[in-house]
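Can you build the whole structure from these sequences, using the hints too?
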Amino acid sequence: MGNYLKRDHHLWTRDTIKNVSGDVTLDLAGDLTIEPDGGDVNITAAGTEKPALVLKNTVDSNKPSLIKFVKDRASTTAADGDFIGNLQWSSKNDADEDTGYISMVGSVVDASDGSEDGKLNISVRSGGSLISDVFKLE
1 MGNYLKRDHH LWTRDTIKNV SGDVTLDLAG DLTIEPDGGD VNITAAGTEK PALVLKNTVD
61 SNKPSLIKFV KDRASTTAAD GDFIGNLQWS SKNDADEDTG YISMVGSVVD ASDGSEDGKL
121 NISVRSGGSL ISDVFKLE
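Anchor point for the sequence shown: position 101 equals 101 in my numbering, and the numbering is continuous, going up by one each time.
These aren't lab readings, by the way, just hints derived from the structure by calculation.
Please read all numbers here as calculations on a predicted model, not as lab measurements.
Glycine residues also receive a C-beta, built at the ideal position from the N, C-alpha and C atoms.
Hints are not guaranteed to be accurate.
Unchecked claim - In the EDC-like style, the derived pairs of lysine to aspartate or glutamate whose C-alpha atoms are separated by at most 20 Å in a straight line are:
no., residue 1, residue 2
1, LYS119, ASP133
2, LYS71, ASP40
3, LYS71, ASP117
What the hints assert, rightly or not - What follows is a list of derived Cβ distance ranges for each label pair:
no., residue 1, residue 2, range
4, PHE135, PRO36, 29 to 35 Å
5, LEU53, LYS92, 19 to 25 Å
6, SER75, ASP113, 30 to 36 Å
7, ASP94, LYS56, 35 to 41 Å
8, LEU120, SER65, 16 to 22 Å
9, LYS92, ALA52, 34 to 40 Å
10, VAL24, GLU138, 20 to 26 Å
11, SER75, ALA46, 38 to 44 Å
Here it is as structure tokens:
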């Protein structure tokens, strides 16, 4: 179907998709790729406990859903110290300032073929400062 999305027999183009209301279902037989050129993908909602990101696996097996962070350098190979993925929890403080409270970072310790090592580091804000290595697994 090219660069179009279909809903209730209507075709959406990049000009009309921004003005959509109601529920939208993408029923795909293959992958969905979103490539924001230098931008972010934001999902915003004003409801209680919304937005919720739900990954639902309905296959009849013991395999789970998957969240996968992929670091793929465009021009060079992986290097020691590369950050692979970062989950951040942030909120406003009582001065209405955006504040990071917790982060979880995965990184490459050793990218050498055959002896690869990784690290998971969790940092937590305490007493106004972000404390690194509250939990570290190497």
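Hints, one by one, checked against the model:
With a C-alpha separation of about 11 Å, the suggested pairing of LYS119 with ASP133 holds against the 20 Å cut-off. Taking the CA atoms of LYS71 and ASP40, the gap is about 17 Å. The hint holds against a cut of 20 Å. For the hint pairing LYS71 with ASP117, the CA-to-CA distance comes to about 15 Å; that is within 20 Å, so the pair holds. In this structure the hint that PHE135 and PRO36 lie 29 to 35 Å apart at CB holds, the actual value being about 32 Å.
For the pair LEU53 and LYS92, the beta carbons lie near 21 Å from each other, so the given range of 19 to 25 Å is met. Here the CB-CB span from SER75 to ASP113 is close to 19 Å, at odds with the stated 30 to 36 Å. A hinted range of 35 to 41 Å holds for the C-beta pair ASP94 and LYS56, which are about 37 Å apart. For LEU120 and SER65, the hinted distance range of 16 to 22 Å is satisfied, since their beta carbons lie about 20 Å from each other.
Here the CB-CB span from LYS92 to ALA52 is close to 20 Å, at odds with the stated 34 to 40 Å. At about 43 Å, the beta-carbon gap between VAL24 and GLU138 misses the expected band of 20 to 26 Å. With their beta carbons about 42 Å apart, SER75 and ALA46 fall inside the hinted range of 38 to 44 Å.
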